[in-house]
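> Could you slot chain B onto chain A? The hints should help.
Take a look at the letters that make up each chain.
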Amino acid sequence: MTDLNRYLDDLGSALLDADRSRPRRGGIVAASGIALALGAAILLAIAARDGQRVDALASARAALSPNDEILHIRVRFALDASSQVEPTDRMVATKEIWSAEGPSRWRIIQRLVNGDQLERAYAAGVIRVFDAQLGTLVEERNVGADSAEARSPSAFGSRGDREVDLHAMLARGELEDRGDRTVGGRLVRRLATPDDSDATTRITYDVDPTTFSPIAGTIRYFGRGQLSQQPMAVLTFKVEAYERLSSTAENRELLTLGAP
Amino acid sequence: MPRRGSLDLQALYLEQRDGLLTFLARRTADPEIALDLLAETFAQAVASRKRFRPGGRDQGTKWLYGIAKHQLALYYRRGHCEQRAMARLGVRREPPSEEILAEISAQAQLDDLRGVMRDALAQLSDGTRSAVELRVVQELAYSDIARRLCISEGAARVRVSRGLAQLGELLDGNASVRAAST
Numbered sequence: 657m658t659d660l661n662r663y664l665d666d667l668g669s670a671l672l673d674a675d676r677s678r679p680r681r682g683g684i685v686a687a688s689g690i691a692l693a694l695g696a697a698i699l700l701a702i703a704a705r706d707g708q709r710v711d712a713l714a715s716a717r718a719a720l721s722p723n724d725e726i727l728h729i730r731v732r733f734a735l736d737a738s739s740q741v742e743p744t745d746r747m748v749a750t751k752e753i754w755s756a757e758g759p760s761r762w763r764i765i766q767r768l769v770n771g772d773q774l775e776r777a778y779a780a781g782v783i784r785v786f787d788a789q790l791g792t793l794v795e796e797r798n799v800g801a802d803s804a805e806a807r808s809p810s811a812f813g814s815r816g817d818r819e820v821d822l823h824a825m826l827a828r829g830e831l832e833d834r835g836d837r838t839v840g841g842r843l844v845r846r847l848a849t850p851d852d853s854d855a856t857t858r859i860t861y862d863v864d865p866t867t868f869s870p871i872a873g874t875i876r877y878f879g880r881g882q883l884s885q886q887p888m889a890v891l892t893f894k895v896e897a898y899e900r901l902s903s904t905a906e907n908r909e910l911l912t913l914g915a916p
Numbered sequence: 002m003p004r005r006g007s008l009d010l011q012a013l014y015l016e017q018r019d020g021l022l023t024f025l026a027r028r029t030a031d032p033e034i035a036l037d038l039l040a041e042t043f044a045q046a047v048a049s050r051k052r053f054r055p056g057g058r059d060q061g062t063k064w065l066y067g068i069a070k071h072q073l074a075l076y077y078r079r080g081h082c083e084q085r086a087m088a089r090l091g092v093r094r095e096p097p098s099e100e101i102l103a104e105i106s107a108q109a110q111l112d113d114l115r116g117v118m119r120d121a122l123a124q125l126s127d128g129t130r131s132a133v134e135l136r137v138v139q140e141l142a143y144s145d146i147a148r149r150l151c152i153s154e155g156a157a158r159v160r161v162s163r164g165l166a167q168l169g170e171l172l173d174g175n176a177s178v179r180a181a182s183t
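Residue numbers (the working numbering), protein chains in the order written: chain A, 657 to 916; chain B, 2 to 183.
If you're looking for bench data, these hints aren't it; they were derived computationally from the structure.
Quick caveat, the model's predicted, so the values are computed rather than measured.
Just so you know, not all the hints are guaranteed correct.
Listed below are the simulated DMTMM-like cross-link pairs for lysine to aspartate or glutamate, each with C-alpha atoms no more than 20 Å apart in a straight line [said to hold, decoys possible]:
{"no.": "1", "chain 1": "B", "residue 1": "K51", "chain 2": "A", "residue 2": "E896"}
{"no.": "2", "chain 1": "B", "residue 1": "K51", "chain 2": "A", "residue 2": "E899"}
{"no.": "3", "chain 1": "B", "residue 1": "K51", "chain 2": "A", "residue 2": "D745"}
{"no.": "4", "chain 1": "B", "residue 1": "K51", "chain 2": "A", "residue 2": "E752"}
{"no.": "5", "chain 1": "B", "residue 1": "K63", "chain 2": "A", "residue 2": "D673"}
{"no.": "6", "chain 1": "B", "residue 1": "K63", "chain 2": "A", "residue 2": "E752"}
{"no.": "7", "chain 1": "B", "residue 1": "K51", "chain 2": "A", "residue 2": "E906"}
{"no.": "8", "chain 1": "B", "residue 1": "K63", "chain 2": "A", "residue 2": "D772"}
Just chain A, with the same shape it has in the complex (with noise of 0.2 Å):
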């Protein structure tokens, strides 16, 4: 066995040992992320004994605003079998996003199907781009803080950042409030875009009906002119982690190009 041999078997040792002694930071961001739920909760329920009516809208907007902690928030997409388009390799299979606020920061990972993956984050002015398949950085310097390309980007549509902004649509009103239903045995709020609506980008998301988390929904993409035709594409999402972290230097790495 040669010195080098022996000092990566050391290494391999020492990295190992540490992954099995540490301790398992998942366990305590699921449980404040409990914690944080039933909060909310609670709170929605005084609300509706006093009387008070729930603007779900509001609500399933706030539930997206990142206030003062860092929102995570991991999506998954899948192309229903009804659309009229063919699935590619190329298309985005999961988004990812940490984003806070005041001021804004945000890092999103996009990963496509075929094991791509994009990240970019943006702070203080500068987006920094990475593309592991390249192995490249690209820095783009001078972003205005209240310009599109600063904007936190939307963790929902896969065909375009911005092409389902689901917190600017809430904000804009472009959905309405359908009430409660089952779906999958589950019970939650849904929110749609109005049947009159002439958009050709048609929205269903349902939302926890207490702390209106978001939970899934379906993104339907017509032809312009062809409303009353079958879409299309289809696409379902479902939000596999959401959580609010607090604003902790650890967590706040997150938000940095290249944290794990």
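This is chain B only, laid out in the frame that chain A set:
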């Protein structure tokens, strides 16, 4: 035994450490930096193993090389190797001896690298080679490269990216082919 569908980090480490070390050494021409990057790459893999999504064949290798290339890009940009994940895990290691560094240099054939690099650069098209040299050697901004080569800024970015990817493939065999397929 690892759970079905989970990542067996021990097996991945044993299988990939030598190839990845060569991959990193040939991209930094510095065996010590290559060791730092190797350690940080695996530390990042340990720290972020929950994010690993089992997929097709060699998914673990692709994921690992993705992390390594990210670390490499950070090193190129900052001029030093981050050891954040190593520190977070509390992993300490002895500085490598001269013998170990010499072994890495021999394994990665670093002495031959200058000639290989000259040959690899010669295989790029004139436009791509110019863009790479302006970016990597002269460290010009993309806007300056675009002006210099009379092309758009977007085209300059594409030329540099493609040029670096081609150089990577030309500089070493199996490791870069594996990495490029991620």
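> Please go over all the hints and tell whether each is borne out by the structure.
How the hints compare with the structure:
Only pairs whose Cα atoms come within 20 Å are accepted, and K51(B) paired with E896(A) is accepted, the gap being roughly 13 Å. Taken as a hint, the K51(B) and E899(A) pair is honoured in the structure, with Cα atoms around 16 Å apart against an allowance of 20 Å. This hinted pair does not check out: K51(B) and D745(A) have alpha carbons roughly 23 Å apart, beyond 20 Å. Proximity of K51(B) to E752(A) is assessed by CA-CA distance (about 14 Å); at most 20 Å being required, the pair is judged to hold.
Distance hint between K63(B) and D673(A) is unfulfilled; the C-alpha atoms sit about 24 Å from each other, more than 20 Å. A hinted pair counts as satisfied when its Cα atoms are at most 20 Å apart, and K63(B) with E752(A) qualifies at roughly 19 Å. Simply put, K51(B) and E906(A) have alpha-carbon atoms about 17 Å apart, close enough for the 20 Å limit, and the pair holds. Distance hint between K63(B) and D772(A) is fulfilled; the C-alpha atoms sit about 9 Å from each other, no more than 20 Å.
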